[in-house]
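Protein sequences, first through last, are from chains A and V.
The opening residue of the first sequence carries number 22 in the numbering used here; numbering runs sequentially from there.
The opening residue of the second sequence carries number 22 in the numbering used here; numbering runs sequentially from there.
A hint or two may mislead.
Unchecked claim - Straight-line alpha carbon distances no greater than 20 Å define the calculated SDA-like cross-link-like pairs of lysine to any residue that follow: (1) K395(V) <-> R421(A); (2) K395(A) <-> R421(A); (3) K395(A) <-> P323(V); (4) K395(V) <-> G324(A); (5) K395(V) <-> T353(V); (6) K395(A) <-> G324(V); (7) K395(A) <-> I352(A).
Treat the hints as calculated values from the structure; they're not laboratory data.
2 protein chains.
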Amino acid sequence: MRAGIVVTGTEVLTGRVSDRNGPWIADRLLGLGVDVGRVVVVGDRPADLLAALGQLADDHDLLVTTGGLGPTADDLTAAVVAEHQGRAMVLDEALRSRITAIVDGVVAQRRHRPDPAALAAGTHKQAMVPDGAVVLAPVGTAPGLVVTPAPGRDGVPIVVLPGPPGELRGMWPDALAAAPVRAVLERASPLTQRTIRMWGSWEAELAVTLERIADRIEGLEVTTCLRDGELEVVTRYRPESADQYPTLQAAIETDFAATVFSVDGGSVDEVVAGALIDRGWRIATAESCTGGLLAGRLTARPGSSAYVAGGLVVYANEAKTTLAGVPAELITTHGAVSREVAEALAAGARAALGTELGVGITGIAGPDGGTRDKPVGTVHVAVSSPTGCRHRELHLPGDRDAVRQRTVVVALHEVRLLLTRS
Amino acid sequence: MRAGIVVTGTEVLTGRVSDRNGPWIADRLLGLGVDVGRVVVVGDRPADLLAALGQLADDHDLLVTTGGLGPTADDLTAAVVAEHQGRAMVLDEALRSRITAIVDGVVAQRRHRPDPAALAAGTHKQAMVPDGAVVLAPVGTAPGLVVTPAPGRDGVPIVVLPGPPGELRGMWPDALAAAPVRAVLERASPLTQRTIRMWGSWEAELAVTLERIADRIEGLEVTTCLRDGELEVVTRYRPESADQYPTLQAAIETDFAATVFSVDGGSVDEVVAGALIDRGWRIATAESCTGGLLAGRLTARPGSSAYVAGGLVVYANEAKTTLAGVPAELITTHGAVSREVAEALAAGARAALGTELGVGITGIAGPDGGTRDKPVGTVHVAVSSPTGCRHRELHLPGDRDAVRQRTVVVALHEVRLLLTRS
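When you get a sec, could you build the whole thing from the sequences and use the hints?
Dropping the structure here:
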């Protein structure tokens with residue numbers, strides 16, 4: 022069983038919005054044993070959407086569309102799916118009443134009261150559905166749909182979901198429960214996905230390991246991906262090949278003993294969180310060039326209040342001194358971007374927040390501020406703790422955003438290494 | 022002229038990595054007057070990639086692929102593109118020497134020295150190119166390619182680019198300069214894109230405005246998108262319709278005078294930065310539930326050191342008191358998530374960093390911590406300045422990540438409103 026996904030929206034196609042729905046749906050379908058063949062992004066143009074549906078229907082068993090269900094004229098997914106499946110659009114009166122009640126509820130909460138006629142027109146548009154479709158109850162104002170081909174027509178079921186990720190996710194259980202989707206899921210066989218992560222190894226070396234054991238892992242679909250310096254090995258397999266996976270895992274654990282940091286799919290964030298909880302330690306940050314992104318990432322996990330005390334964003338040099346207690350003469354002598362200042366920031370974060378672990382980051386993210394001695398991409402990361410300290414000087418490629426993001430990942434790994442190796 | 026984009030990589034298809042290349046390329050092509058029809062994401066499977074190329078070649082004038090040029094066996098884009106265009110794969114000796122030199126340079130900087138034979142095999146693989154292809158010099162280790170159909174074969178030019186965004190972007194100018202690409206670009210006519218942004222209006226009301234002037238803006242392609250509470254109107258047009266755009270802009274500026282905050286495409290970040298610079302003010306933050314994300318976003322812009330002093334991440338209640346000077350009894354009386362504490366945080370940020378403007382954020386991002394009176398999604402945002410203060414209580418839907426991200430956007434708009442209305 023294979024599904025194809027169509028993401029609609031000129032804002033996604035032209036890069037103004039990055040799509041979060043395609044990956045989310047793909048991940049859910051894979052978990053249900055439904056493979057994903059292709060994801061197609063199209064703009065708000067009927068001909069392109071129609072072409073995408075036609076091409077995907079040829080070699081997939083189920084299609085899922087996202088977006089284009091809003092109240093405006095450029096939201097045309099329902100009508101185009103109806104055309105593809107050979108069905109007329111009809112007004113669903115019960116649905117119209119339901120959407121009206123939802124919109125009235127939202128309006129009541131808002132300071133700005135919109136024109137009722139405008140809202141009524143939008144509601145009418147959103148209540149037009151393909152004849153015979155299964156209607157999925159709105160989470161926002163847009164209903165979802167499951168549309169099968171008209172009687173006597175070839176094709177596959179199409180699940181039509183709204184674009185806002187919260188609405189789409191809220192509607193997903195109902196979509197899976199619809200009879201045409203259940204029929205596809207019943208024919209799917211489970212697909213297991215396993216992930217191993219390494220920090221600091223080369224993709225080319227991994228290729229040698231995979232080559233050596235190739236004839237013993239023929240039933241595994243192995244993909245490798247180097248991202249933010251982490252080398253990720255993701256393997257998918259059907260039940261009949263499950264006994265091959267230990268061969269792969271053992272080979273990687275042996276060949277890359279020094280760099281494997283997760284064999285259960287856990288991210289570096291999860292490894293760090295677990296290690297902090299195990300020790301009963303709390304962490305604090307003092308960030309210059311990353312401007313709070315490390316603290317933001319540390320607090321992204323639910324329950325992080327158990328081990329994150331807080332942090333300092335010391336963007337101006339004065340803040341490094343007043344908030345993190347970095348001596349002004351240290352900055353004058355070594356420069357704000359130096360090992361000495363990074364270490365003082367790490368110690369200052371610990372002192373200011375009263376934690377066992379502190380991270381200090383200072384660097385030149387660019388595009389300006391670089392010098393011959395300290396070009397853009399020069400970053401110092403320091404970690405301080407009662408049982409030891411770590412420091413790393415980085416020379417990172419890429420633009421401002423890339424330097425900042427990569428620095429956060431390096432800092433997390435430095436924390437991980439301190440916690441797991443000392 | 023229309024281009025199709027193929028993003029390859031099982032890690033993208035299955036949602037482990039979110040694609041940054043497709044949108045970037047689409048934006049660049051649109052700027053050159055080349056429309057983008059569809060973006061297709063495929064995994065590392067030759068049959069799916071071949072199908073995607075075949076389908077896109079039918080109704081596009083140029084194709085661009087990203088990813089699949091690495092040194093491992095699952096990197097197969099070059100070979101599949103060669104097959105599609107009817108060309109053999111050949112070893113490019115000059116390219117092999119060049120990649121070898123690059124790899125040697127990288128190895129010299131690393132602590133961990135990989136197996137030379139493994140690297141040589143990877144280099145050999147990356148130096149295999151379709152016969153007759155234009156080779157684009159590597160930025161990392163992977164070369165780019167421009168591959169035209171073999172003599173006598175139908176088809177369109179295909180630009181083959183590596184997956185790492187920094188490498189892809191570095192190679193882009195060379196790709197545009199390749200003769201087969203230049204020939205397509207010369208036949209493109211300029212396409213202008215203009216953006217208007219609003220904060221707090223309804224998409225359904227906008228639909229009424231667009232409907233009213235529909236017959237005077239027939240040459241404009243207007244798309245609307247509601248995202249993070251911002252309503253975005255993006256319009257694309259060819260030179261012959263340029264005189265219709267002022268009609269659209271005037272209608273929106275009249276009907277939505279209270280909510281339009283940008284008619285030149287500027288983001289709220291840019292509006293805030295400009296307003297701070299105009300006043301000569303600096304900003305500081307004290308964040309609880311957003312954990313540094315607002316500071317991270319404020320410092321994302323180059324040159325932000327001119328107006329961002331820094332911030333406090335006061336995740337633990339103790340940090341709210343010790344760092345931001347929030348009286349402990351205020352927290353006891355009103356709770357950490359309250360208007361009073363948000364306002365004290367805003368004032369505390371100003372005092373700690375010595376700035377004119379301070380932002381305080383406290384809330385319940387979930388999934389735990391909600392109560393009947395203060396459910397998950399309850400957030401207080403306060404802005405403090407010498408000329409006035411603002412406060413807003415939010416009740417946000419969605420998961421932890423959605424609550425945190427939306428809070429950052431609301432906080433930026435509260436800062437904007439304080440700066441532009443007082």
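Here is what the structure says about each hint:
| no. | hint | result |
| --- | --- | --- |
| 1 | K395(V) <-> R421(A) | violated, 38 Å |
| 2 | K395(A) <-> R421(A) | holds, 15 Å |
| 3 | K395(A) <-> P323(V) | holds, 17 Å |
| 4 | K395(V) <-> G324(A) | holds, 18 Å |
| 5 | K395(V) <-> T353(V) | holds, 15 Å |
| 6 | K395(A) <-> G324(V) | holds, 18 Å |
| 7 | K395(A) <-> I352(A) | holds, 14 Å |
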